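Use these hints to put chain U onto chain E, whose structure you have.
If you read the sequences in order, they're chains E and U. When we follow numbering that gives the first Met the number 0, the leftmost residue of the first sequence carries the number 0, and every step to the right adds one. When we follow numbering that gives the first Met the number 0, the leftmost residue of the second sequence carries the number 0, and every step to the right adds one.
None of these hints come from the bench; they were simulated from the model. There could be a bad hint or two in this list.
[As the list claims (entries may be wrong)] Using C-beta positions, here's what the derived DEER-type ranges look like: (1) E:237 to U:72: 32 to 38 Å; (2) U:65 to E:416: 36 to 42 Å; (3) E:154 to U:72: 43 to 49 Å; (4) U:581 to E:61: 53 to 59 Å; (5) U:306 to E:349: 40 to 46 Å; (6) E:580 to U:72: 43 to 49 Å.
[Stated by the list, open to error] Which residues of chain U face chain E? A partial, calculated answer using Cβ under 8 Å: (7) 37; (8) 225; (9) 525.
Remember, it's a predicted structure, so these values are computed and weren't measured experimentally. C-beta atoms are modelled at their ideal positions from N, C-alpha and C, and glycine is treated no differently.
There are 2 protein chains.
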Amino acid sequence: MIDVNSPLNDPELRRRAVSAAAGRLPFDILLINGSVADVATGEIRPADVGLVGALIASVHPPGTRADAGTILDLSGKIITPGLIDAHMHIESSMVTPRIYAQTVVPQGTTTVCWDPHEIGNVSGLDGVRWAINATKGLPLRILVEAPSCVPSAPGLERSGAVFDAGAMEEMLSWPEVIGVAEVMDMRGVVAGSDRMEGIVNAGLASGKLVCGHARNLCGSHLQAFMAAGIESDHELTSKADILEKLRAGMTLELRVSHENILPDAIEAFKELACVPQTVTLCTDDIFPDDLLRRGGMIHHLRLLVSLGMCPMYALRCATLNAAMRIERRDLGLVAAGRRADLVVFNNLTDFTPQEVFASGIHVASNGTLLAALPAELPGLPLNTVRRSPVTPNDFRISVPHARKALIRTVRTPRTTQWAEREMDVLNGSLVLPDETALMAVFNRYGENTPPGLGILEGWGDWSATIGTTILHDSHNLAVFGRNPEDMALVANTLIESGGGMAVARDGRIVALLPLPVCGLLSTETPENVARQFASVRDAAATATTWDGPTSMIKLVTGASLACNPGPHVTDLGITDGMTGEIVTDMVLETC
Amino acid sequence: MIDVNSPLNDPELRRRAVSAAAGRLPFDILLINGSVADVATGEIRPADVGLVGALIASVHPPGTRADAGTILDLSGKIITPGLIDAHMHIESSMVTPRIYAQTVVPQGTTTVCWDPHEIGNVSGLDGVRWAINATKGLPLRILVEAPSCVPSAPGLERSGAVFDAGAMEEMLSWPEVIGVAEVMDMRGVVAGSDRMEGIVNAGLASGKLVCGHARNLCGSHLQAFMAAGIESDHELTSKADILEKLRAGMTLELRVSHENILPDAIEAFKELACVPQTVTLCTDDIFPDDLLRRGGMIHHLRLLVSLGMCPMYALRCATLNAAMRIERRDLGLVAAGRRADLVVFNNLTDFTPQEVFASGIHVASNGTLLAALPAELPGLPLNTVRRSPVTPNDFRISVPHARKALIRTVRTPRTTQWAEREMDVLNGSLVLPDETALMAVFNRYGENTPPGLGILEGWGDWSATIGTTILHDSHNLAVFGRNPEDMALVANTLIESGGGMAVARDGRIVALLPLPVCGLLSTETPENVARQFASVRDAAATATTWDGPTSMIKLVTGASLACNPGPHVTDLGITDGMTGEIVTDMVLETC
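Pulled out of the complex, with its shape left as it was, chain E reads as follows (with noise of 0.2 Å):
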């Protein structure tokens, strides 16, 4: 089985390391007629690598060495750092640590810093400590952070799990955990809630990192955030904001799941005439077939390159910075004495991967994975959706004895915000008007209790049902529909698959991605998981006339977020972050 986290501090690797570099003995590989792109110097470099074991040997000038156990000739193409994502979230992928590390790894990224949010939320302890052992053996280091935010409005919902300071303890001491994940939860870091305190407090105890999502502060509450011991962000909106974190000291995360925001970091970096050291990059959440289709950080690169940044700077905030970030002083570089993590690119413009090096393991050659993948680890958390069967009458608004109802709404997808509506009832059901969704939210955790309801305008005129189980943060099922039947085909559906993402149209399944690890995470092969995405993805995107910037997927995956202020559906009602409210009747007046 590979091991990219072989020891580096092992005696007989480093004797023979010093032995080749010296000259007394020959190199395991020796990567020659390429040039070094060395993003301490800036340069690049015509020079020859010989790796011995997992480690860099020696970095010496072309064709001064020629004893090696292989011998590979680049032809002038160019030898980098391996790619390190600074932060993500497997499961936005919906695949498995393996079949991501298969996706990735061809397209040179060597490590990543993985929160695995989404399974603490649902599996909890339990899910964190699987998401670790499903890393060991893949050719692709995954570095875990520990998930901050389990739940990430508690009260407002109810997932899988509790976190609180000493499950963040319990998981900082695990050595695989290198710190505290995205602390989202802003607003109780800067009014010092205890829970807050207890989590930030359990990561500077720990010495290791603790990260942040500091969406939209500024200002005070920027600074404040940063007082509690909270060091990094990616949640960048403009330009004014990155400036403003540069400027504070915090280590940006810069991702291209959201690239609108790639050419206000342009902008920022020329304004500072510099990219600071302080800059990593970062894949944050990407769809399935995106990942597939455009790549990770290999996308990030290029997008960046593309929109004018010096490829040496976009190369070294995603090595050097990065290593330098996590203090990994064995990456970052193409130098003697670190871990051969290596890419070899044909240029820096096309930043097409030829070659991939994982602790001298050759584990990628022209976009095919060469090393074996390990079977999938035995004991997956599935069978996570612990819910009863619905029925069409759970997706009815009983309204007895009256003709007409006031009802709250919530209005608007993404910046939601309270309305109401006068509506028909028939036969002591209310009537959807035109334009207007059910969103039902059933707790699928064993509580089988009727679901959250809340009757959402603003999303176009809906043709069409959606359903899902990935649902931020809680990941409940959620149904979104204006049929009572097709919502409860899409929801048993889902229920029956152990979770994942489904659209109905006329009393039909039109479209499904099981996603049976977690109710997040597929099993199948990159191209099936891409293909069953795509299929849910474009029939949700025209189950209603929306043509707003975010996909219909990003609406309904993003609708139950109670940690924001405004109203949100979760399976305890329509909840409001900003007053913590829970409304369970839906109904103001009737008549």
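Using the frame of chain E, we list chain U on its own:
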């Protein structure tokens, strides 16, 4: 007692800092009307800085807050992070850590990485333990590195201790120790000697820093040195050397003790069109009067800027780059949540320090230490010159029954070479020719053996006698001169003083610097040590007609460096670091 290492994970401290940043509590200290040198973005920006306990709680727009226990009006001056000295030996300044702190803290140095190599050579693990304890309660953060080469030339000299891999492991297990100090036995590392493998591997196994000393290492030897796991170097000798090491991926500790290298460094940065983030600054070795008169890190910054380096780049090397190198995320930036190590400079050209804060404590103002110094730690390692009195006869070279003798000599200081010379014999004793001197090295670790003796050529014409117990690296007692009576006087004076440096002329001591702690350090005031040292230095400078580029003090203290190639006199005789030879009888032939 001051604790500049007070923990930052104290929940109450963080709670107060968050509350103050958010505006719910006043700051403890508020710095107003200054500008912040932002070494991350490279900007100088007007900003106020609020401190709470040991923390920076907020960096905010000028004038937006006025609530604080103490408000300090900086009138346009510049706030920078505290300076970090990335590698140094307090012993070179011949004072205790307490006195060292007293001197450099008002200069803006708030953190030093100390390799107590000389103390280790004299007093072993007990000495290093004392060194660590002697750093407690000081206004200076002193991070200790574990001396890696005790002795530096095993078998060629006897010092006060032998540190094997086990000793390294023990030191590295102490929380105050941040890594392996400069690995000097380059040949041992490159050749794969068991001893050096054990020492370096102990460092790798600890996960702490592994620092280097790579003088004149280049090509495959440099690669092999790094392949062993050694990460840094400060022994820079030329622009080409600097470029090769930066390109090799080394962290540089650019040192001011050898300031002739600084223009080369600046030329190297020009060639790269950047100052890599792998460049840190250090002082390494500063004499007591230089430290007092010109300063340590502050002198470094001034010199670099006067030589044309951008002040912000120099400052970044001395702060953020160093903090990232030593993996101290609490240091290196003026940013909320970090430790309040701050310097207020008048400007970034003169670098005149106005105020210094260490962990939020106002420790110096206008060059004067404000912080109370603790008493000198009891249990000072005194009485380390364990040697019976010597006599003039110890300095006479007996050559019985001869008129002339052919003698092996040591020619030229610094890069020494073996030579031969015919000398007269009078009354059974060798007569030293003009322009030669006897170098006698007495073991001072309890072995009352006869001294190692050698005759030096090429140092000029001698008119005085010099003695020292600072004698790299074993710190035995060396006496240089031509007059046996004066040489015995100097030796016995130093034995009585418990060590130090002395110069005698015409039968009397003309300059004396007693160094009773380990025979290396004084406990006097910085001014007294500087004055006594200057008197010895001046007297030594006229002891011969030598007028080479290296001072006589540096020549005599370096004359026993048996780890270097060529002949060097140690307590065992004339040794050769290249061949391993020890010559105890310098007489080749007699007639």
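- [ ] So, residue 225 (chain U) near chain E? Judge it on the closest CB pair being under 8 Å.
- [x] This interface hint holds because 4 Å falls under the 8 Å limit.
Task: Residue hint residue 37 (chain U), partner chain E, criterion CB-CB below 8 Å - done: holds, 6 Å
Task: Range agreement (Cβ of residue 349 (chain E) with Cβ of residue 306 (chain U), hint 40 to 46 Å) - done: Cβ of residue 306 (chain U) to Cβ of residue 349 (chain E): about 41 Å, so the range 40 to 46 Å holds.
Open item on the list: Against the range 36 to 42 Å, how does the distance between the Cβ atoms of residue 65 (chain U) and residue 416 (chain E) compare: consistent or not?
Closed with: holds, 37 Å
TODO: Could you tell me whether the CB distance from residue 581 (chain U) to residue 61 (chain E) stays inside 53 to 59 Å?
DONE: Once the Cβ atoms are compared, 44 Å apart, the range 53 to 59 Å for residue 61 (chain E) and residue 581 (chain U) is violated.
Open item on the list: Checking hints one by one. Is residue 525 (chain U) an interface residue toward chain E, by the C-beta closer than 8 Å rule?
Closed with: Result: violated, 34 Å to nearest chain E Cβ.
Task: Outcome for the supplied range 43 to 49 Å, where the beta carbon pair is residue 154 (chain E) and residue 72 (chain U) - done: holds, 47 Å
TODO: Could you see if the CB distance from residue 237 (chain E) to residue 72 (chain U) stays within 32 to 38 Å?
DONE: holds, 34 Å
Open item on the list: Between the beta carbons of residue 580 (chain E) and residue 72 (chain U), is the distance compatible with 43 to 49 Å?
Closed with: holds, 47 Å
Checked against the numbered hints above, the structure breaks hints 4 and 9 and satisfies the rest.
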